[in-house]
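Q: Take the numbering used here: the last position of the sequence shown gets the number 72, and nothing is skipped along the way.
None of these hints come from the bench; they were simulated from the model.
It should be emphasised that the depicted structure is a prediction, and the values quoted were computed from it without experimental measurement.
Cβ atoms here follow ideal geometry from the backbone N, Cα and C, with glycine treated the same way.
Just to be clear, a hint being listed does not mean it is correct.
[Claimed, not checked] Label pairs and their in silico Cβ distance ranges: (1) R8 / H30: 31 to 39 Å; (2) E32 / D52: 19 to 27 Å; (3) R8 / E32: 27 to 35 Å; (4) A9 / Q68: 27 to 35 Å; (5) D38 / R8: 26 to 34 Å; (6) P40 / R8: 27 to 35 Å; (7) G15 / E58: 26 to 34 Å; (8) S31 / E10: 16 to 24 Å; (9) Q64 / M14: 16 to 24 Å.
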Amino acid sequence: MRSEGERAEDRTMGSRLAIAAAAAAYLFHSERISNHDDPALLAALRSAVADDAVPAEVRIMMQMAEQKLAR
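Construct all of the structure, not just a fragment, from the sequences and the given hints.
A: Here it is in structure tokens:
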């Protein structure tokens, strides 16, 4: 995504999609594709799960990744 000229909503959704990709890699492949430590990744997942703009199916997947990471 471009970092200039886009709306704040676009940047927010871009961040949500990035955390969704990290969640999917961790949940389905046990691969970390993020340099964030566990507390930062958990905070990002929790924030994304709470965002109603993210599709429900994606929020469920991120919640599952959050639960796996929190163990």
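Q: Determine for every hint whether it applies to the structure shown.
A: Checked hints:
In this structure the hint that R8 and H30 lie 31 to 39 Å apart at CB holds, the actual value being about 32 Å. A hinted range of 19 to 27 Å holds for the C-beta pair E32 and D52, which are about 24 Å apart. One distance hint, 27 to 35 Å for the beta-carbon pair R8 and E32, holds here, with the actual separation near 31 Å. With their beta carbons about 30 Å apart, A9 and Q68 fall inside the hinted range of 27 to 35 Å.
In this structure the supplied range 26 to 34 Å holds for D38 paired with R8, their Cβ-Cβ distance being about 30 Å. The hinted range of 27 to 35 Å is satisfied by P40 and R8, whose Cβ atoms lie roughly 29 Å apart. The hinted range of 26 to 34 Å is not satisfied by G15 and E58, whose Cβ atoms lie roughly 19 Å apart. For S31 and E10, the hinted distance range of 16 to 24 Å is not satisfied, since their beta carbons lie about 32 Å from each other.
In this structure the supplied range 16 to 24 Å holds for Q64 paired with M14, their Cβ-Cβ distance being about 18 Å.
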